[in-house]
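> Just so you know, the sequence shown maps onto residues 192 to 323 in the working numbering.
Rather than coming from a laboratory, the hints here were simulated on the basis of the structure.
Nothing here was measured: the structure is a model prediction, and the numbers come from that model.
Keep in mind that a hint or two might mislead.
Label-pair restraints from in silico Cβ distances [said to hold, decoys possible]:
| no. | residue 1 | residue 2 | range |
| --- | --- | --- | --- |
| 1 | A319 | Q236 | 18 to 26 angstroms |
| 2 | K241 | L321 | 29 to 37 angstroms |
| 3 | G265 | R298 | 34 to 42 angstroms |
Just so it is clear, CB atoms sit at the ideal spot from N, CA and C, and this is done for glycine as well.
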Amino acid sequence: ILIAKAQYLNIHSKKMQWQRVLGGISGAMSVGTGAYGAHGLKDKQESSIKVFETGSRYQLIHSVLLASTPVICGPGTRASQIAGSFLATGIVLFSGSCYAVGLKEDRSLGKLAPLGGFSLMGGWLSLALLRK
């Protein structure tokens, strides 16, 4: 059984798994935004810095989950595609809105954050409820 599983994983590991690639890039970006938030926003209001840091934290957490979806759901599965799409969309909308609010100190720029949050929840629910 272990040999069969290893052969299955070897065949599927040759395919490009966009979730793993995008999750890795997004995770690296979140480390950069976290460092920028800690050192480059000194002249901003404390509330704006907290919003920015929230965006970075959520991006990091969900980047790890995004990169893991092929392992959790199986590479190339419908569940992996759907969960990955929800997670990627949520990262962009939620964290992007948080970054905009933090940098510009304008709360009106955060209007897409709730949609991003719902998309992130959709990613989690897809992992929980969808079969392969």
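> Work down the list of hints and note, for each, if the structure agrees.
Results for each hint:
Distance hint check for A319 and Q236: the Cβ-Cβ separation is about 38 angstroms, which falls outside the suggested range of 18 to 26 angstroms. For K241 paired with L321, a C-beta distance near 34 angstroms keeps the hint of 29 to 37 angstroms intact. A hinted range of 34 to 42 angstroms holds for the C-beta pair G265 and R298, which are about 41 angstroms apart.
Against the hints set out earlier in the document, a violation occurs for number 1 only.
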